[in-house]
Every structure is written in structure tokens, then in C-alpha cells.
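*Asks:* Going line by line, the protein sequences match chains A and B.
When the first sequence is numbered by this note's numbering, its final residue is 88 and no position is left out of the sequence of numbers.
When the second sequence is numbered by this note's numbering, its final residue is 578 and no position is left out of the sequence of numbers.
Worth flagging that the hints you see were computed from the coordinates, not collected in a lab.
Be aware that one or more of the hints could be misleading.
[As the list claims (entries may be wrong)] Derived Cβ-Cβ restraints for the label pairs, each shown as a range:
1. A:29 - B:220: 53 to 61 Å
2. A:60 - B:506: 27 to 35 Å
3. A:64 - B:572: 54 to 62 Å
4. A:67 - B:220: 49 to 57 Å
5. A:87 - B:549: 37 to 45 Å
6. A:83 - B:575: 33 to 41 Å
7. B:540 - A:37: 20 to 28 Å
8. A:56 - B:561: 19 to 27 Å
9. B:521 - A:67: 29 to 37 Å
[As the list claims (entries may be wrong)] Chain A regions said to be covered by chain B (calculated; three or more residues, Cβ under 8 Å):
10. 37-45
11. 49-58
12. 61-70
Note that the Cβ used here is the ideal one computed from N, Cα and C, for glycine as well.
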Amino acid sequence: MALSTTVSQRKMIRRKAPRGFLKRIFKRQKPHLRLETSSDLLVHLNCLLFVHRLAEESRINACGSKCGVIKKEHVLAAAKVILKKSRG
Amino acid sequence: MAYNFSPDSEPTTRTLLRQVLDTAVPRTPRRARSTRSGAQRDLLETPSSRRQRSQTKMTARRRSHTATSVDRLARVQASGHLEEQTPRTLLKNIILTAPESSIVMPEAVVKLVPSPQVVQPSRRKSSRGSLELQLPELEPPTTLAPGLLAPGRRKQRLRLSEFQQGMDWGHLSQEPRENADASSLTSSLNLTFAMPLQPQSVKRPGLARRPPTRRVVDVGTFLQDLRDTSLTVAPPGESHRTPVATVPMDTVLEDTQPFSQPLAGHSPSVHHSLPCPSPSGAKEVEGAASRRTRSSGHGLQNSYSGPGKPAQLLARKMEEVEAIAMGLPNTSSVSGEDGIEPLQNGVGEEAEESMEESMSVREVEKAAEEQGSARAEEPEGHTEVAAAAGSLGAIEAKEPEGSSEDEDTSGRLASPELPPSTPEFLRTRRLQFPEPAPPPSTAVLPSELPKHLSARIPPRPRIPGSRPRQDPYKAGLNHYAKLFSFYAKMPMEKKAEEMVEKCLDKYFQHLCNDLEVFAAHAGRKTVRPEDLELLLRRQGLVTDQVSLHVLVERHLPLEYRQLLIPCAFSGNSVFPSQ
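Between the sequences and the hints, there should be enough to build the whole structure, so can you do that?
*Replies:* Here it is as C-alpha cells:
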């Protein structure tokens, strides 16, 4: 598996999905359920999108308060909104 | 061939050149060429006139006359071997090679010098003439230097000759000989080059290639001495440490960070920041603290009063241990730690290594008389403390100090005489686990390093039993936290990242619940991709306009895409099969 597709940045962002980690989490939460192999990747996709939205919202909050650094309060406020959105 | 022979009876540039070439011993190809050209000329011309240098004075007059003739002659002669047969070029070559000859055979050089000068173009003639005139008179070729330097070619020749001379100057043995020869008419040209260089002969000329001698050995021996002294001092220090672990925490407050309010009451005098924001295991903390106390104790000592009493040292160490133990949990939530942490992390290794040195250095200093210098530095430390104490702004002060400290610590190894107290003080401030391995065994340091770093970066659970769940869990969350910082494209605080991890935790719980509901709704016990698609649709990520495959293509790498999106292959097969 490719670690990163076309990341031309200073720090290497792993594009690899932590499949074992996701499976372990699911098992811990719902031991009576099973997670299929492909859905594992979709869970990872879901996480990516969640984090993406969270980051966007946090960035908006930080820029809204004219702060150059993302602070805890920004993240908290963003999380409230995004978690509600991704409740499903 | 038709040559415009100037009257042979008079010393012409040509004849002079011929003389020079004949007398010069061919050493370089250029020389050979020049000699060949000279020989050619001899063959071509009547070697009737063999002018002596005494006649050089007349050349000044002749130059103007013979310049053109010589040039023409040179051009005529250029048919042969050399690409450049003009007297000018020949003389140039001679001049270039002149210094070499001058060093070894001053007479030849002397002869060479005047002739090349004579034939030079009009621009240089004036200088040359002066040169020639000066040759027999040994006048200081002061005029030569500017005249030589003015023309570009001259510069090149000068440089070359200087280079040659510089190379030769490396052989000091030859220099006295050269100087002795220079006393005589060691060619005005050479003199011109030599004059500025002769005074420098004793010193290293500008073109010297010899590397400067460095006292590397001194540092090594010094370090060894430090280690030896530290080794001798280490055992007693350790023995004292353990029994004093029960010092009340109040005395520890000196080491606490300014923003750790409960403990900050005592901090002002000595502001030793304990930048351990992340809560560490108690064991590790104390272990690190115990290790830290040595250095911090030393630093404290130096910062306070300088008198290196072991008892005081140890007392400080104990205090620091407690302070660190207390400070760690309290400072976890202090703002600004984030800034310190990376600096600390970066400096950690350096600090640790340098701490060892500093520790040993401190020991040595106490034994020695350097307390005076330590006291001199104490005021610095005190000022720093005063400035930083009791203010959140101290954090920023620490960071530049930390950066300067990095240089200090790194420089310490090189220069053992660095002010010990100040960098120690700074180091203790940083105290980010200055695992100064009191038994300055370097072997201990590496073992401590990974422990410290690993303990510091991911927040470790207090209960060892729950560690297996925490660590991989945290590792996975860290993965997404990093993605968060990547997506945000903005600097983030460490607390914000912790917040992100908490949000992710909550999110995973929601996710699992939803998937369970969906699977149960479909009457299944396994979660399938359809459930996930439904989840994405409900979240609003997948719409009629944006399909799941689009999202997959956008965000997942190729390998995953191939697994998720059915694609038709040859042979009427689809992968993944539906």
C-alpha cells in the first residue's frame, strides 16, 4: 500500500488507513458485530471526511477570531457543530 | 621572410626579448614556447645585437619605435609553433613564469623581467620603463604595483605570480634564500610581487593553503577530565539523593513554572520551569526528576549563591524532584507549554548530552576557582529569573533562552570554558527531562533518551494496566490528529490537538452506534459497505450530485480505490466482484 500518494509537503502524511486500529475500535465497541473488509476502508474514508470538516470549521473559527493559531476553543466550537452534523 | 629589422646596433625590444629568452632556462611549456619563439627569432634575425641590461634604458625610447615593428615581426613569426607569437604574448608568458624562475634563479629572472617589461604595450610601457630603470638601481617598485595592477592582464599575472609565490612561500626554507636573492636585483617584476609579499613572508600569505592548527586535543582531554571528575563525584551524589526524597513539596516550589499557580508562590527567586506539560507516569516522572535534579540542583546552586556545597546541591535536587513531580500534573494544562515542548524536545538530546558535560564541568568548577566566574554569571541568571519569574511572558523568554541555550549547550562541548552557571540555569529552566545521567555514562543517556521522549510525546496513562488499550488507541488517534493539523493548514496548539483526539473518540462512538443500527435494520450482524454508504448519505457527504465513488476517488489512495470501486477487467470480469 502506498504510504502517501502525492504529498509534496514537509511532513509526510500517511495515507495508509489504520485498518487494524479501526477494526480494534469497532470490536471493542460492538463485539457482537463484525466488520467487513471493504467497509473498513469506508470507515477510514468517513473518518477522513470528518477530520476534514472539523479542520475546516476550526480554521474558520480561528480566522474569525483573528487568531493565527488554532486554539482549543476553536476546536471545541467546531466539534460541537460537526459532531451534530455527522450524527446520522 | 621580410622582417622589419630595426637597427641592430640599438637594443630593440626584439633583441632584448631574444636575450631574455636565450638566457631563460625553459621550465614550462610556455617558457619552451617562448624560447622557441626566441630561437625562431634568432634564426630569422641576425643575432648581431646582444644587448646587455645596461642598454635597457634605451629601450624606453625604442619601445615606441619598435612597438609596431615588433608587432609586425611577431605576427610574421606567428606562422610557426606558437599560437601567439607576438612579443607581447611572449612577454606575458615570461612574466607569468618569471616568478618561478626568480625564486630559483634570480639572475635569469632579472634578465627576464626587464625584457618583458620592455615589450609591453604602450599602456604598460610606462610602468615597464620604470621597472627597467629601477632594475639596476633596485629602486622600490612602488610605481610598478599600481602600474601592474591597473591593466587587467597585469592583474591576472599578478595573481598568478602571487599564487606561484604563495605556493613557493609554503616552503619556508626557500624564502630566506629568496629574500637574500631579492636583495639583489631579483627582477623588478619579482620585486613588485615580492615587495608586498616579502614583509609577509614571515606571516602566512593570503594564498596560503595550510589549514590553521586547531587545538582539538585540548577539548578531548578536557572532556575526559570532566568525565573523570564527574565519575568521581557521581557516586556520592546518588547516595544522597535517595534518602532525601521525602522533602516537603513546599520547598520544591522554586522549580515550578510561573504559571503553575499553586506552586508559583515560591518560584520567584529561582524560576525553574518544569516544562513537562504532558502528564507522565509517576515512575517516569520521578525517575526523570531524580535525574534532573542533579543538573537543576547544580543550576540552582550556581544561580543562587554559587557556593558549591554538596549538601546544598543535594537539597536542591530533592526539592527539584518534588517540584517536578508536582509540577508535571499541574502544568499539564498551562498554555504556552506547546511552544516550549517542541523546543524542549529538540533541545532534549542536546541538553542531555551537554548536561553530562555541564554536570562534570560544574564539579570541576566547584573544585576550581571558577566560582568567581559563576558568580559573575549568577547575576545574569538572577536577572533572567527576575524577568521571567511570575509572568506568563516568561514562557516566551524561555523559548529564546532555550534557543540560545541550544547554542550554548552545543557550544559547551566545544568550548569547555563556557559560563557554566548560565547555561545550566537555562537548562534547568527548560528542565525538560534533562536526563543528565548523573553517572555521566554516555550509555545511560541513550537509554534515557528514548524513555523520555516516548514518555513525553504521547500522553501515557497513569495505570499501567490500561496501557495496552491506551497506546495503540492513542497511536491511531494520533494518526487522525495529524491529518487534522494537515487539513487545517494552520499552526495548532497542543491542547487543541488533545481536543481533537477527544472529538475523534466521541466520533468513533457515534460511528459504531450508527453502524450497529444500520446493520440491525438490514437484519445483519456484519457491517457491510452498504451500511457505510447509508451513513455517509445521512451525514450529508454523499448526495445525489456527489456519489460515494467520487468521494472514494478524492480521498483515498489508488490501492484502496481499486478495492472499493468495481472496475471491469479483461475477460469480462469485474473486480471487486459484486
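*Asks:* It remains to establish, for every hint, whether it holds in the given structure.
*Replies:* Checked hints:
As the Cβ distance of residue 29 of chain A to residue 220 of chain B is approximately 59 Å, the hint placing it in 53 to 61 Å holds. Range check, residue 60 of chain A to residue 506 of chain B: Cβ separation about 20 Å, and the 27 to 35 Å hint is violated. Look at residue 64 of chain A against residue 572 of chain B: about 55 Å separates their beta carbons, and that is inside 54 to 62 Å. The beta-carbon spacing between residue 67 of chain A and residue 220 of chain B, approximately 50 Å, falls within the hinted interval of 49 to 57 Å.
Between residue 87 of chain A and residue 549 of chain B, the C-beta spacing of about 24 Å breaks the proposed range 37 to 45 Å. Taking the beta carbon of each, residue 83 of chain A and residue 575 of chain B are about 36 Å apart, inside 33 to 41 Å as hinted. The hint said 20 to 28 Å for the Cβ distance between residue 540 of chain B and residue 37 of chain A, and at roughly 26 Å that hint holds. Checked against the given bound of 19 to 27 Å, the beta carbons of residue 56 of chain A and residue 561 of chain B, roughly 23 Å apart, stay inside it.
Distance hint for residue 521 of chain B and residue 67 of chain A: a CB-CB separation of about 43 Å, inconsistent with the stated range 29 to 37 Å. Note: the segment 37-45 of chain A has 7 residues with beta-carbon separation from chain B under 8 Å; the three-residue rule is met and the coverage holds. Coverage of the segment 49-58 of chain A by chain B holds. Counting CB-CB distances below 8 Å, 8 residues qualify, and the rule asks for three or more. Counting residues of the segment 61-70 of chain A whose beta carbon lies closer than 8 Å to any beta carbon of chain B gives 4, which reaches the threshold of three, so the coverage claim holds.
The structure fails to meet hints 2, 5 and 9 from the earlier list, while all remaining hints are met.
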